[in-house]
Amino acid sequence: MKTDQWSAAASELQADRRAELGDRIPELETLQAFFRDELPEDEADVVREFLVLYPEVAAALMADESAPPVPGPGHPAHLSAAEREAGWRDLAARLDIPGEPITPPRAAPRWHTLWAVAATLAFGALLVPQFLPPKPEVIEVRELELDLTRGSAGAPSPLQILGNEKKLLVKLSLPPAGRLKQFRVELLAERDGDTQLLWHEEKVATDGSGTLHVVLPARRVPPGIYQLRLFLEGVSSQKPTWEFRFETF
Amino acid sequence: MTKKDELFQSLYRRYLPGVVSYLVKFGFDRDKARDLAQDTFVRVYEHMDSWRGEAEWAFLRTTAQHVALNEIRSRGTRKRKGAEVAIDGPKALELPSLDREAGARLIEEQEQVRQATALGKAIRELPPRLRGPLELRLLGHSYKSIAATLRLSLDTVKTRIHEAKGKLREMLGHTPEEPGHED
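Heads up: the protein sequence lines correspond to chains H and X, in order. With my numbering applied, the first sequence corresponds to residues 1209 to 1457, in that order. With my numbering applied, the second sequence corresponds to residues 314 to 496, in that order.
Bear in mind the hints are in silico, worked out from the structure with no lab data behind them. The model shown is predicted, which means the values in this text are computed figures rather than measured ones. Treat the hints with caution; some may be incorrect.
Per the computed footprint, the stretches of chain X lying under chain H, defined by three or more beta-carbons under 8 angstroms from a beta-carbon of chain H, are [said to hold, decoys possible]: (1) 328–337; (2) 344–352; (3) 374–386; (4) 432–445.
Backbone N, C-alpha and C define an ideal beta-carbon position, used for all residues, glycine too.
Working from the sequences, and respecting the hints, build out all of it.
Quick look at the structure:
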């Protein structure tokens, strides 16, 4: 009998014994006490019998207590923006609460607000520079690390864009072959099965560790699916050297 | 939207992927984990009045744990009910005529089924303290993972598996090979 056959036999036995156990599942508080070593040995043995049949429950209860990161594409728990939105609508209907979108579009400013902003800007432009020394532009930047060494041409990776971000510093870790090179970087939007070039930058160089730093304007990436295409400088190929797909929400 | 609804929507927006991801760890498939995540948030909404607003993830995680265990419990209930009504014996299979090679394969498969059944029966006869670690080992778990799951020391796990294999050898005349990780 081969190893996998033993495993199959053990799986079958596990399924049978699960059926026999039925609904006699310990309460959460009992399981928590077991993992804190607070149960008397006879009660602990009952919990062990259960955990042998449901080892994944033990793994979940013992898992890191911090919130798990947003699962990427390919992960069984990955959800697209549309799925999240549909889930929210369903939940709002179940609970009878307003089902306003979870990613609401930014409200258009009113005219009087625009006039007030314009007047303030004009005043600032005329007076403030005369009294203040020049300052470097302050931008809110968030670093996003994407690992191209793990392959990237499949389902898009999710990136959460926060409302207050103006620019995103995307750090792309390149495979060894791409280190110490210069690239033309293109940002394309995927729409209706087609792609549209939104932005590009020439001669973006990797740093010593093989990471490419790309600063993207956040306003260019409202919720949707995008591609970052990297073309090796000096190579006249139409095909990108690397490509990274991501989905913003 | 009321303040409560706004907070609830904010929790949903920030933690839905995390809750689904956490429920997948319980062994549920993606669709089931999504359904259970919705149930988790319903329960969260119902208990929000008694929640003081701190440790958001801890609150969601505990709620998801309750929902996951309830689901396992209700599946168990369905299985037991299913077992009670399954009173018909297996129907006779109509086998096609077999050539010599296919016949040999069938005999081999039947032998494997017989051996697997014998192993299952033998494992069932082991005392629970030996059976548990061995079952997990046969399912591919590492010694370290078995020790963590059952809150036993690594030495205790190794000793019990060794003992269990000895008893199986007595019963079956051979010992199962160990699949899974080497520690």
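Contradicted hints - numbers only: none
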